[in-house]
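Undergrad: Could you slot chain B onto chain A? The hints should help.
So the sequence lines, in the order shown, correspond to chains A and B. Mind the numbering: the first sequence is residues 49 to 373 in our numbering, read in order. Mind the numbering: the second sequence is residues 261 to 521 in our numbering, read in order.
These are computed hints drawn from the structure, not numbers from a lab. Treat the hints with caution; some may be incorrect.
Stated by the list, open to error - Label-pair distances were calculated between CB atoms; the ranges are:
(1) A:Thr131 x B:Asn431: 33 to 41 Å
(2) A:Lys323 x B:Asn423: 44 to 52 Å
(3) B:Arg506 x A:Gln171: 24 to 32 Å
(4) A:Gln286 x B:Ser502: 58 to 66 Å
(5) B:Asp283 x A:Glu177: 32 to 40 Å
(6) B:Met428 x A:Glu177: 41 to 49 Å
(7) A:Gly185 x B:Asn431: 45 to 53 Å
(8) B:Phe499 x A:Val170: 34 to 42 Å
(9) A:Glu177 x B:Met262: 25 to 33 Å
(10) A:Arg136 x B:Arg267: 15 to 23 Å
(11) B:Arg267 x A:Gly185: 22 to 30 Å
(12) B:Arg506 x A:Val170: 48 to 56 Å
Unchecked claim - Below, computed lysine-lysine pairings styled on PhoX-like, alpha-carbon distance capped at 25 Å:
(13) B:Lys513 x A:Lys58
(14) A:Lys244 x A:Lys173
(15) A:Lys71 x B:Lys513
(16) A:Lys64 x B:Lys513
Note that beta-carbon positions come from the ideal geometry of N, C-alpha and C, so glycine has one too.
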Amino acid sequence: MNIIEVQDLKRIYHAKIGVLRRKVKEVLALDGINFSVSQGELFGLLGPNGAGKTTTIKILTTLLTPTAGRASVMGFDVVRDATKIRPRIGFIFGGERGLYWRLSGYDNLVYFANLYHISPDVQKKRIPELFELVGLGGRENEKVQGYSRGMKQRLHIARVLLHDPQVLFLDEPTMGLDPVGARELRQAIKNLQMEKKTILLTTHYMFEADAMCERIAVINHGKIVALDTPTGLKNYVQDLSIIEIDVFGIPHDAVERIQNLDGVDMVSVENRDQKQALRIHSSNGAGAVAPVVSTLQNMGLRVGNVIVREPTLEDAYVRLVGGEI
Amino acid sequence: MMLSKLRVVWTVFYLYLKQIAIDGFIIFTVIIQPLLVALLAIYMLRDIEGFQAIYVIVGSALTGLWSGTLFFNSFNIQGERWSGCLENIIGSPTRLQTVVLGKVLANLIISVSSMFFSYPIAVLLFKFRLTIAHPFLFSISLVMTIIALMSLGLVIAPIFSLNPGNIMWVNAFEFPMYILGGFLFPILLLPGWTTPISYILSPYWAARALHITSSGSTSLSDVLIYWGLIIFLSLIYLFVSSWLFRVLLWRAKEKATLGLQ
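Pulled out of the complex, with its shape left as it was, chain A reads as follows (with noise of 0.2 Å):
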């Protein structure tokens, strides 16, 4: 049964831009995105920034109105059913934001259960649970402007389950943690997908998508460019061999060169520290190291280290959205 249903979903921004002589300038978000999410699964939604997927997000969890299409969240549509939609779900949009700093986390879950309307006597039980589920047991009582960002996405996280929703919305969740806090949310959502609640996770973290989605929608520019499971995505490179090389100071006409090299299929830099890494797709395998290697060295760049690898679910998404991450 499928729990969220997304037909040609659209949504357009308005952006009023200049000063004397305002123009309104519309901006597609969602141009017609289709998909499907079953009971108890966890579906991925990867994409760049600006894709499209918090536009999703906020059209599913009844806070934004779509501009044509249809989305329903357990048969309920989304502009027509808010109500209904609502004490059934939960929502995170990463970040730290979304509380009330000055109270103590245990007031603000005592707020946020009354505004989903769960009885006195049931908070008593459950608030203190939620607290240690999620770690933070023994510091309830401190505001939450002492919280650490972490301790505050936890606290997201025991507020959604407040009211023990069946659908979950998580908004990039592990934005911002440390390693640790974000394994330790990694392994709270793998639990709750456990307990067979459906949940639509957004990440820009590719191996925590491939280590926890059971499908993975790819949306760039407003589309779906691909939907499949973690290995579907990763069989669209299977024919590529990704070289990673370090190197310092890459000019811009230098990757336009290696892009022209025979048996290149795609070239992205990523910036690490005072180094760029240059991932390069590679149809030939690791015959393409050389040509590679030489035409930076004939460039007067200094060359670092040199790895040939399988593809990964990274290397998928960066060929499906051209480049960008």
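TA: Relative to the frame of chain A, chain B by itself:
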């Protein structure tokens, strides 16, 4: 369900008070500003024939009540937007109006306290003997004032949130109400064309009720008329508020302004 809604109002009221009780801006608006207004008004008016200290003290307390109602409620929804909590509220089963009502009531309780801070300044500093002529009627008039400002607060909150830019106009509404509401001097001193504006403002009738019950120049029938007008106007304000909330939510979901602006 009703009990559950009341619990939401109480929780919002209590936790919001907990957050704002020590806010410096609130202390200024509710305590210091009415004291300054009272001082100024006493120096300006005390040599005028027929000067009544209680009129000035009640009037300056009303300025504190109005300023509190205006400023705190204009930021009522905007504050939720800035803290990122507005989406969490709208996405919950509770209506935004219910949350806003809890905050309006908390704002009023804080603002009413300006009544108690204006009083000692007249007694201690100027040695005025202040007596309230009809304490019982005055108390009911105070409750009516709270009803008037509560309903007005429920109009102010959505108006200043309809467009995020509306908030910049808030200061422009503070002093006109002092004058049109007849807080410190009768509106008879104003040009005739302003009178109808005063008549549609419930704080004007609240000020009249408080002034005549405190100074003693009253008949019960006059006070009853003022109370009736306060209730009538408050019902109209609630109706307008309900419409404004519908427009606000529709626009916010259409223009994507629930998040930070």
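Undergrad: Verify the CB-CB distance for Arg267 of chain B and Gly185 of chain A against the hinted window 22 to 30 Å.
TA: This hint holds: roughly 26 Å between Cβ atoms.
Undergrad: CB of Asp283 of chain B to CB of Glu177 of chain A, is that within 32 to 40 Å?
TA: Holds, at about 33 Å.
Undergrad: Within 24 to 32 Å: is that where the Cβ-Cβ distance between Arg506 of chain B and Gln171 of chain A falls?
TA: This hint holds: roughly 31 Å between Cβ atoms.
Undergrad: With the threshold set at 25 Å, check whether the alpha-carbon distance from Lys71 of chain A to Lys513 of chain B stays at or below it.
TA: Since the Cα atoms of Lys71 of chain A and Lys513 of chain B sit roughly 21 Å apart, the hinted pair holds (cutoff 25 Å).
Undergrad: For the pair we were handed, Lys64 of chain A and Lys513 of chain B, check the Cα-Cα distance against 25 Å.
TA: 17 Å, holds
Undergrad: Quick one: are Lys323 of chain A and Asn423 of chain B within 44 to 52 Å, going by C-beta?
TA: 48 Å, holds
Undergrad: Could you check the hint for me, namely that Gln286 of chain A and Ser502 of chain B are 58 to 66 Å apart, CB to CB?
TA: Given about 60 Å between the Cβ atoms, the range holds.
Undergrad: Look at the Cβ atoms of Arg136 of chain A and Arg267 of chain B and judge whether their distance stays inside 15 to 23 Å.
TA: At 21 Å between Cβs, range holds.
Undergrad: For the hint 41 to 49 Å, verify it against the beta carbon of Met428 of chain B and that of Glu177 of chain A.
TA: 45 Å, holds
Undergrad: Is 45 to 53 Å a correct range for the gap between the Cβ atoms of Gly185 of chain A and Asn431 of chain B?
TA: 46 Å, holds
Undergrad: With 34 to 42 Å as the target window, see if Phe499 of chain B and Val170 of chain A comply at their CB atoms.
TA: 36 Å, holds
Undergrad: In this structure, is the beta-carbon distance linking Glu177 of chain A and Met262 of chain B contained in 25 to 33 Å?
TA: 28 Å, holds
The structure fails to meet hint 12 from the earlier list, while all remaining hints are met.
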